[in-house]
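Sequences listed follow chains A and B, in order. Note that the working numbering has the first sequence beginning at 2, numbered continuously upward. Note that the working numbering has the second sequence beginning at 0, numbered continuously upward.
Don't take each hint at face value.
Claimed, not checked - Taking lysine to aspartate or glutamate and the DMTMM-like style, the derived pairs with C-alpha atoms no more than 25 Å apart in a straight line are:
1. Lys35/B x Asp8/A
2. Lys57/A x Asp84/B
3. Lys71/A x Glu43/B
4. Lys35/B x Asp84/B
5. Lys70/A x Asp95/B
6. Lys37/B x Asp67/A
7. Lys21/B x Glu57/B
8. Lys39/B x Glu54/A
9. Lys37/B x Asp84/A
10. Lys27/A x Glu16/A
11. Lys57/A x Glu102/B
12. Lys27/A x Asp95/B
13. Lys40/B x Glu54/A
14. Lys70/A x Glu16/A
15. Lys17/B x Glu16/A
16. Lys71/A x Asp84/B
17. Lys52/B x Glu83/B
18. Lys37/B x Glu18/A
19. Lys35/B x Glu6/A
As the list claims (entries may be wrong) - Covered stretches of chain A, going by a simulated chain B footprint (3 or more residues, C-beta under 8 Å):
20. 28-34
21. 53-63
22. 97-108
As the list claims (entries may be wrong) - Label pairs and their calculated CB-CB ranges:
23. Asn53/A x Lys39/B: 27 to 37 Å
24. Gly27/B x Glu54/A: 36 to 46 Å
25. Thr112/B x Pro9/A: 41 to 51 Å
26. Gly17/A x Met14/B: 48 to 58 Å
Derived from the structure by calculation, the hints contain no laboratory data. Ideal Cβ positions, reconstructed from N, Cα and C, are used throughout, including at glycine.
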Amino acid sequence: SQQGEEDPQALSIQEGENATMNCSYKTSINNLQWYRQNSGRGLVHLILIRSNEREKHSGRLRVTLDTSKKSSSLLITASRAADTASYFCATDVFQGNTDKLIFGTGTRLQVFP
Amino acid sequence: DTEVTQTPKHLVMGMTNKKSLKCEQHMGHRAMYWYKQKAKKPPELMFVYSYEKLSINESVPSRFSPECPNSSLLNLHLHALQPEDSALYLCASSQDLAGLSYEQYFGPGTRLTVT
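Bound conformation, chain B alone:
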């Protein structure tokens, strides 16, 4: 199974709502990532989890809160978002062996619209 799944596919939320994005992989990967992608732009890294610990936070506003409950799951909790946070949110995973680098497997993304 080389699939990364993301739910929901689409999400519309108001600025006062609280919602969560979910990501799951069953490839035994120990590194998981959240990216944000605006239209016609490249993906921008938000967070990296390595062995279920947050290892990189790219100065993301606190209204985005990541969580890694176990090695297969990654959540992104959203609260008090702004319209400019509307984007495609991508989850990815990869093997994470010290000193080596591997390709990342991406999910299909969640299209988020903040109204």
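Next comes chain A alone, as it looks inside the complex:
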């Protein structure tokens, strides 16, 4: 399977703490994306980091990418109860002339007020 692995599978923290999620993948990528999913809902795109970038910031989010180790991390700083959701990394790869996303196994984040 090309599917990436994420750890931890589940993470529980208090409001105000930082949350770090890690993603490892298996194939060469064009870019790596992070998505958030509230329970039973659609996914929301958070951030995209291209294969030639090492770090990217967006608000309280910081993403790193190490293509030599085939790994990425998502840091959410000063977490809020509203950050409670599942977070997925997704590697963007080309198949023929089309690019597709391969999602990691996901991290379920619970932030307690």
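Please arrange chain B on chain A, whose structure you already have, making use of the hints.
Coordinates of chain B only, in the frame set by chain A:
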């Protein structure tokens, strides 16, 4: 308008029924996707349409039949499904420019139960 809409939100169907899921976007995106997601699992890609042509079929059983009538619409026709096909079906769209990759916009999904 950055919204992808999906209908219906919920669908219960018997194994002998024929039904269709619908997806619509008005962002001018030329790539559209169907995903299947089981509980507590990541989304799994089923089909990709690029410029209204089927470009990826991830070996999906023929009881699932996709259709892209125009650049804004994507359908998934269902026939003779099995109980294990019960899942959340997600539609997504993205820009599709050669050599570049963009984020995908997801709809809220259709929760399908096969009885």
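We went through each hint and held it up to the structure:
no., hint, result
1, Lys35/B x Asp8/A, "holds (22 Å)"
2, Lys57/A x Asp84/B, "violated (38 Å)"
3, Lys71/A x Glu43/B, "holds (21 Å)"
4, Lys35/B x Asp84/B, "holds (9 Å)"
5, Lys70/A x Asp95/B, "violated (28 Å)"
6, Lys37/B x Asp67/A, "violated (30 Å)"
7, Lys21/B x Glu57/B, "holds (20 Å)"
8, Lys39/B x Glu54/A, "violated (30 Å)"
9, Lys37/B x Asp84/A, "holds (22 Å)"
10, Lys27/A x Glu16/A, "violated (33 Å)"
11, Lys57/A x Glu102/B, "holds (15 Å)"
12, Lys27/A x Asp95/B, "holds (24 Å)"
13, Lys40/B x Glu54/A, "violated (28 Å)"
14, Lys70/A x Glu16/A, "violated (31 Å)"
15, Lys17/B x Glu16/A, "violated (47 Å)"
16, Lys71/A x Asp84/B, "violated (33 Å)"
17, Lys52/B x Glu83/B, "violated (28 Å)"
18, Lys37/B x Glu18/A, "violated (30 Å)"
19, Lys35/B x Glu6/A, "holds (18 Å)"
20, 28-34, "holds (count 3)"
21, 53-63, "violated (count 0)"
22, 97-108, "holds (count 11)"
23, Asn53/A x Lys39/B: 27 to 37 Å, "holds (34 Å)"
24, Gly27/B x Glu54/A: 36 to 46 Å, "violated (26 Å)"
25, Thr112/B x Pro9/A: 41 to 51 Å, "violated (31 Å)"
26, Gly17/A x Met14/B: 48 to 58 Å, "holds (50 Å)"
Taken one by one, the earlier hints fail for this structure at numbers 2, 5, 6, 8, 10, 13, 14, 15, 16, 17, 18, 21, 24 and 25, listed in ascending order.
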